[in-house]
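From first to last, the protein sequence lines stand for chains A and E. All residue numbers for the first sequence refer to this note's numbering, where the first residue is 2 and numbers rise by one. All residue numbers for the second sequence refer to this note's numbering, where the first residue is 95 and numbers rise by one.
Keep in mind that the hints were calculated from the coordinates and are not lab data. One thing to keep in mind: the hints can contain errors.
As the list claims (entries may be wrong) - Partial list, computed: chain E residues near chain A (C-beta under 10 Å):
| no. | residue |
| --- | --- |
| 1 | TYR123 |
| 2 | ARG134 |
| 3 | VAL264 |
| 4 | GLN268 |
The beta-carbon is built from N, C-alpha and C at its ideal position, and this holds for glycine as well.
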Amino acid sequence: MHAIVIDDSSAMRMILKRIVTSLGFEATLAEHGRDALDKMDAADHRFDVALIDWIMPEMDGLEFIQAVRSDPRYDDVTLMMVSTESDQSKVVRALAAGAHEYLIKPFTPDAVAEKLELLGLLDPERVTAGV
Amino acid sequence: MGVGPSEFTWVSDLVRRESAIVLPPGKEYLVEARLLPLARAAGLAGVDAYIRAAQRPTSLAERRAIVEALTTNETSWFRDATVFASFRRDMLPRLLADRMAHRPLRIWSAAASTGQEAYSLAMLLIEELGPARRFEIIGTDIARGVLERARQGRYTQMEVNRGLPARYLVQYFQRAGTGWQVSPELQRNIQFRELNLAAPFPPGLPAFDVVFLRNVLIYFDTPTKQTTLRRVRQVMAPGGWLVLGTAETARGIDDGFELVRMGDMSAYRPVSGSAFGSASRPPTGQASGRPSVPSARSPSVPSARPSSTPPSGPSLQLSGRI
């Protein structure tokens, strides 16, 4: 299973990398949406899930989601926004753009695991065992 | 600072007497972690001082607070997603076919804590039955503090992050300050009541079609498990189902239940003659029992992912499923 973590904060990239790695994913890191699209294009494997910050330079999370959704090569990539944007209207916008899930920062490792389980990307035993 | 041996023994005895939950030696850390906030709130130097204060004959509130602090456990929305998926896909259609024509479906969320299980079931049932169709969920817990929170239906940001699908957050919650408030639509089908699972049940409990008794029995000793399961059986409607936690079993504890594999989860039903009113009959389509063959594991949320052409705008259709 491959995850791509897209966040302009290096600390947040490392936190999410540690969490998804402990859940059995291989993680690729990207600093913004454009960087992520380049890395997905160059990869020799598909990505199962993208964890996407909203506010980023170059290409923000919403633009990234729209770009991925308009590219049939990425139809099977699950998209989860991971953002400090916590207004209900923002959650609606992200879902309407094509995000499958939305996790509001700050979060616990358990919260990431539970969202991935909801998305059918995680063996339930990994969730109950904790991360 | 730690908890002294005599103080730990006293707390352990109190919690066992009041709730049947067993705190064996080695759980001193748990007692310290759970009671330290109480000690601090009371302005005392440490947990031992709080425990000694609670031993005074007039310290009823402190003793109650200790029991509540040690019987309250973390919970999350749709905890064990496969259970909710199987409930929806495998159990609910049978229940509806069997009894919804006669009366509303009635579900007991035992050990409801702060209400996430009960509200998760309500979201799922509204989605499945439509908003107009009535159902009844009764959530119970021994701890008054968590029940009050469950009744209020107000949750922190961190709490709504725990397993709640974003589409439900949008549909059934409203921002309330820094937290979130569940909608009246969810609350109208749910009652929360105080109930100690380790004591005789209060009169007036209705017959339940499904009892969710998850992650409770693991804290009880065997005699208490037996007594609790027997009492639960007596408030189950004929053809009703009991759902335990994934690490729990009724086998070898209560012969009045039989195990039925149902999709990705296991459920129990009272054997003939052992349920409420004792007129037990198999649910529709269950005359010879459902084959106990686990199905191939399917994703927990078969269609949680929106289609490749997601809906847009404020009329977002939230059609994914748990």
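Now for the hints, and whether the structure bears them out:
| no. | hint | verdict |
| --- | --- | --- |
| 1 | TYR123 | violated, 17 Å |
| 2 | ARG134 | violated, 23 Å |
| 3 | VAL264 | holds, 5 Å |
| 4 | GLN268 | holds, 7 Å |
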